[in-house]
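Visitor: Protein sequences, first through last, are from chains A and B. Each residue of the first sequence is one higher than the one before, counting from 10 in the numbering used here. Each residue of the second sequence is one higher than the one before, counting from 8 in the numbering used here.
It is worth saying that the hints were derived from the structure and are not from the lab. Just so it is clear, CB atoms sit at the ideal spot from N, CA and C, and this is done for glycine as well. Mixed in with the good hints there might be a few duds.
What the hints assert, rightly or not - Calculated pairs, DSSO-like style, for lysine-lysine (alpha carbon to alpha carbon, straight line, at most 27 Å):
{"id": "1", "chain 1": "B", "residue 1": "K214", "chain 2": "A", "residue 2": "K165"}
{"id": "2", "chain 1": "A", "residue 1": "K167", "chain 2": "B", "residue 2": "K185"}
{"id": "3", "chain 1": "B", "residue 1": "K112", "chain 2": "B", "residue 2": "K534"}
{"id": "4", "chain 1": "B", "residue 1": "K185", "chain 2": "A", "residue 2": "K143"}
{"id": "5", "chain 1": "A", "residue 1": "K143", "chain 2": "B", "residue 2": "K42"}
What the hints assert, rightly or not - Cβ pair distances, simulated, as ranges:
{"id": "6", "chain 1": "B", "residue 1": "L399", "chain 2": "A", "residue 2": "E52", "range": "42 to 48 Å"}
{"id": "7", "chain 1": "A", "residue 1": "L144", "chain 2": "B", "residue 2": "D711", "range": "38 to 44 Å"}
{"id": "8", "chain 1": "A", "residue 1": "S170", "chain 2": "B", "residue 2": "N58", "range": "19 to 25 Å"}
{"id": "9", "chain 1": "B", "residue 1": "G284", "chain 2": "A", "residue 2": "S170", "range": "39 to 45 Å"}
{"id": "10", "chain 1": "A", "residue 1": "E104", "chain 2": "B", "residue 2": "E59", "range": "36 to 42 Å"}
{"id": "11", "chain 1": "B", "residue 1": "K270", "chain 2": "A", "residue 2": "P56", "range": "58 to 64 Å"}
{"id": "12", "chain 1": "A", "residue 1": "P56", "chain 2": "B", "residue 2": "G150", "range": "55 to 61 Å"}
{"id": "13", "chain 1": "A", "residue 1": "P56", "chain 2": "B", "residue 2": "D711", "range": "34 to 40 Å"}
{"id": "14", "chain 1": "B", "residue 1": "P77", "chain 2": "A", "residue 2": "E52", "range": "37 to 43 Å"}
{"id": "15", "chain 1": "A", "residue 1": "E124", "chain 2": "B", "residue 2": "E545", "range": "56 to 62 Å"}
What the hints assert, rightly or not - Partial list, computed: chain A residues near chain B (C-beta under 7 Å):
{"id": "16", "residue": "G23"}
{"id": "17", "residue": "C24"}
{"id": "18", "residue": "A28"}
{"id": "19", "residue": "V29"}
{"id": "20", "residue": "K32"}
{"id": "21", "residue": "P41"}
{"id": "22", "residue": "K54"}
{"id": "23", "residue": "I58"}
{"id": "24", "residue": "R63"}
{"id": "25", "residue": "V81"}
{"id": "26", "residue": "A85"}
{"id": "27", "residue": "E89"}
{"id": "28", "residue": "G91"}
{"id": "29", "residue": "S150"}
{"id": "30", "residue": "R152"}
{"id": "31", "residue": "T153"}
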Amino acid sequence: MQVGFYFDQTRCIGCSACAVACKDWHDIPAGPEKWMKVLYNEEGKFPHIFVSYRINPCFHCIDPVCIPVCPVGAIAKREEDGIVTVDSNKCIGNEECDSKCLKACPYDAPQFGTEIGAKMRKCNYCLDRHLEGKLPTCIESCRTRALDAGSIEELKQKYGSIKETNNFIYSERTKPSVVFNPKEK
Amino acid sequence: METQENDTIDNGEKIIRTTTAFDCGGRCPLRVHVKDGKVIRIEGDDFEDKNEQLRACLRCRALRQYIYHPERLKFPLKRDGPKGSGKFKRISWDEALSEIAAKLKEVKEKYGNSSIFLATGGGYQAALHDGMFAMIRLLTQFGGFSTHFGNISSEGAVYATQTQYTSPFVGHSRTDLKNSKLIIMWGWDPARMISGSDTIFNLIKAKEKGIKIICIDPRYTDSAVVLADQWIPIIPGTDTAMMVAMAYVMIEENLHDQEFLDKYSIGFEKFVDYVMGEEDGIPKTPEWAEQITSVPAEIISNLAREYATTKPAAFMDCQGPARSAVGELYNRCAMTLTAMTGNVGKHGGSAAGGLMGIPYGHMFFASRIPPPYRNPVETGLKSVRGSLDLQLRFQARCHTNKMFDAILKGKGGGYPFDVKFAWFVNNNFLNQLGNTNKAAEALKKLDYMVSAELWLTPTARYADIVLPVTSAAEKNDFTRPWPSGPYFTAMNQAIEPIGECKSDLRIAEELADKLGLEEFVKYPDEKKALRFLIKLREDTRKNIRNINEFREKGIHRIEIEEPYVAFKEQIDDIENKPFKTPSGKIEIFSQRIADLNDPENPPIPKYMERWEGRYDPLSEKYPLQLLSPHPKNRVHSELYLVEWLREVDPHVAWINPVDAEYRGIRDGDEILVYNDRGKLTIKAWLTERIIPGAISIFEGAWYDPDENGIDRGGCVNTLTKDAYSPGGASALKSCLVEIKKYNRGA
């Protein structure tokens with residue numbers, strides 16, 4: 010089984026409840042460490058404009074490019090559900106290895122706090138909740154139900170297999186585990 | 008602590024089902040995880056049908072950081088430096104309340120009760136511990152007090168609906184949106200301004216059903232981002248010109264519903280005289296409106312035709328554009344269009360009127376412990392009942408948006424009192440009313456001030472004594488949503504009070520002792536008090552049959568068979584169920600207003616230019632119109648310090664690149680926004696999402712003047728005017744400014 014996300018870009022109002030709920034659930038201080046981000050995109054000229062938002066968690070890729078670049082093997086992919094996890098005890102910190110995982114990831118999923126030599130942490134699909142049979146907290150916090158998560162195969166059956174959307178390019182190299190309902194221009 | 012434990016998890020974690028009482032239209036059910044007496048996590052509604060959950064927004068998702076923020080006040084404080092300096096020292100409750108009681112007695116004796124002023128707002132809206140109700144009761148029994156009139160948010164809409172319907176319940180259930188064939192959202196951004204937890208989701212569902220949605224707004228709002236099939240940008244303050252021109256097209260092309268108007272309304276013919284130019288020689292054509300609104304005539308004509316011929320259609324005006332000098336006229340024009348198209352009282356239609364409320368669990372039916380008798384300062388005055396004469400409201404009160412002017416000038420300025428003592432509760436009015444610099448001047452001059460607060464807000468900084476108040480997590484209570492419901496939520500205490508914080512009710516009770524008010528009834532047993540309050544009002548008594556179950560579930564959802572539709576009763580049976588207006592019909596023409604003989608307050612809705620709009624000569628000096636919409640990451644100024652919220656929406660000014668480039672301003676530049684009332688600095692955000700000629704700064708950021716009097720906090724009311732429309736709307740959105748790049752030290 011491989012878990013993944015579904016994002017309905019036509020429903021996202023950019024409110025960032027998902028990002029705040031994530032910080033609360035995982036007890037992450039305000040600052041640069043953001044396991045879930047909401048990205049903004051604006052195109053065109055007044056009054057003919059296009060605006061879209063896009064979530065940015067870790068997409069728990071099929072072939073995560075972050076794993077081979079880690080000098081100490083701190084990143085792993087769980088066999089049973091494909092969740093990409095990081096062992097912060099093993100991680101040697103962003104100074105020592107120059108944040109190789111972050112540089113490798115096309116989606117900037119690996120995150121670091123502000124302290125010197127911060128260890129990498131990132132979205133873990135709310136592993137604790139997942140093990141209790143619950144969805145990640147971001148999913149349940151979405152007021153417009155723009156988010157879903159679960160087995161990527163089931164998500165594809167339910168929502169289709171569109172792999173790209175505005176402000177998101179599918180990387181064949183790492184194969185992010187996500188499907189979209191893109192917002193039409 | 009009397010708690011309602013809802014669920015226990017194996018590791019000693021408890022889940023408390025509760026809610027909050029911010030000045031927000033949500034009041035969402037929350038599940039607060041508590042371990043070892045501390046809140047460790049927040050979850051939202053877990054109602055079985057996920058599509059029916061009342062999901063909390065980002066603000067309550069950040070509640071933990073709000074509750075435990077290091078800046079939360081924990082002890083009573085006494086001022087220990089100049090007013091506004093923020094210098095305070097810790098004192099005991101006994102010392103604080105003894106000093107306040109002595110001061111109250113002294114002021115009462117020397118100057119009389121009218122010099123005691125109560126400033127109350129919407130900062131905590133729940134039944135039992137609401138400081139407004141507690142202080143009204145206490146000060147009434149102390150011999151009376153002066154206060155203010157006028158809802159800062161919606162008075163324009165209140166006046167307008169009183170005029171044409173004489174009822175504030177002009178809304179439909181949000182689920183009725185799906186019955187529309189066309190939805191027109193005019194100045195309404197429910198993605199940010201939460202008027203009902205599920206309002207935005209209901210709109211999305213309506214759109215996905217194929218219902219066309221048109222957004223008319225100077226900004227391309229986040230609601231427009233997901234909803235708008237068409238965005239019609241409009242110059243702020245000119246909405247009524249466009250609405251009147253839409254009426255012109257309908258009349259000209261005979262698209263209006265004359266039968267409906269004949270049966271249910273009065274005064275349409277007078278409105279026709281105005282619209283067609285009989286009255287003033289100016290036909291209000293789409294071309295005429297284009298000159299004023301910047302909306303192309305063809306777009307106006309097409310919208311008029313589309314709205315008149317697509318039935319039913321929901322015309323959703325809001326309160327925001329009415330928060331201006333134009334005020335009530337905006338909602339009155341909108342209501343007139345809904346009558347002209349026969350959309351009032353019908354499923355999928357709308358009566359407009361901005362308030363959007365339904366009479367189920369509505370905040371207007373406030374559950375409160377009533378004072379035993381009327382405020383003695385206000386007894387014996389002329390009755391305001393049924394009158395649209397604002398002056399009657401000011402027999403003993405000032406307008407809310409004139410509060411600081413009244414404190415400054417007193418009777419010498421024509422106000423009915425001289426303030427010597429003021430109690431501020433549930434508000435941050437220095438920050439949230441017009442003209443913050445004047446407010447600061449007034450509070451510096453004020454003899455004595457008490458602030459009951461959770462934070463040392465810009466207002467509280469001027470107080471002589473600041474009393475620390477508990478948050479919703481520290482209380483047992485219950486709430487009503489703003490307007491839409493239909494539900495009640497239970498507030499179950501999750502944690503012990505932080506520091507020495509007390510609820511406003513407890514503060515009033517202890518102060519009553521200090522004042523020797525033996526007859527002041529106390530409610531030491533919260534559970535009994537809540538039972539009493541639930542039984543007190545018919546809607547809670549009928550709906551919440553089992554109080555224990557209500558508190559266990561944390562919510563009572565009111566079952567309604569079909570979506571509520573405002574005025575359906577009247578439209579279905581006007582003979583037996585007339586409107587509450589004097590004529591029993593929708594009053595497009597209001598004799599009550601005509602009797603006031605005020606040329607600024609016309610008896611039929613009109614387009615009027617008042618002041619600080621695009622065409623005010625002052626625009627030569629200050630050419631930009633300033634908008635101050637609701638922020639998404641705080642409730643007005645509540646939650647302002649919470650970092651989790653600040654980081655997701657940094658405080659910036661929306662500026663169209665056309666306006667920025669002309670002034671040499673680039674994206675991210677720090678700019679100075681200024682007019683004769685004040686100056687503030689803020690970062691520029693260049694976006695095509697705002698009409699040229701207007702800038703937008705979300706209200707609620709905290710005023711923080713530097714040594715030169717420049718507000719470095721970016722509080723938008725540093726620039727707004729303390730004025731109101733003829734119908735009493737706080738005119739915060741009629742505001743002209745200029746901007747320039749800010750150079751430090753220059």
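Visitor: Cβ-Cβ distance between E104(A) and E59(B): within 36 to 42 Å?
Guide: 49 Å, violated
Visitor: Would you check whether V81(A) satisfies its interface hint, that is, whether its CB is within less than 7 Å of any CB in chain B?
Guide: 30 Å, violated
Visitor: Kindly confirm whether 39 to 45 Å is satisfied by the beta carbon distance between G284(B) and S170(A).
Guide: 60 Å, violated
Visitor: Report holds or violated for the interface hint on C24(A), using the least CB-CB distance to chain B and a cut-off of 7 Å.
Guide: 6 Å, holds
Visitor: Return the status of the interface hint for G23(A): holds when the least beta-carbon distance to chain B is below 7 Å, violated otherwise.
Guide: OK, holds: G23(A) within 7 Å of chain B, min 6 Å.
Visitor: Can you let me know if the beta-carbon spacing of L399(B) and E52(A) is within 42 to 48 Å?
Guide: Distance hint for L399(B), E52(A) is violated at roughly 54 Å.
Visitor: A range of 38 to 44 Å was offered for this pair. Does it hold for the Cβ distance of L144(A) and D711(B)?
Guide: Between L144(A) and D711(B), where Cβ atoms are some 41 Å apart, the hint holds.
Visitor: Go ahead and decide if the range 37 to 43 Å is satisfied by the Cβ distance of P77(B) to E52(A).
Guide: 41 Å, holds
Visitor: Have a go at the A28(A) hint: is there a Cβ in chain B nearer than 7 Å to its own Cβ?
Guide: The hint holds - A28(A) has a Cβ within 7 Å of chain B, the shortest such distance being about 6 Å.
Visitor: When you check the alpha-carbon spacing of K185(B) and K143(A), does it fall within 27 Å?
Guide: 31 Å, violated
Visitor: Does the interface hint hold: is K32(A) within less than 7 Å of chain B, judged Cβ to Cβ?
Guide: Check passed: Cβ of K32(A) comes within 5 Å of chain B, closer than 7 Å.
Visitor: Please check whether I58(A) passes as an interface residue: C-beta within 7 Å of a C-beta belonging to chain B.
Guide: 5 Å, holds
In this structure, the earlier hints numbered 3, 4, 6, 9, 10, 11, 21, 24, 25, 26, 27 and 28 are contradicted, and the remaining ones agree with it.
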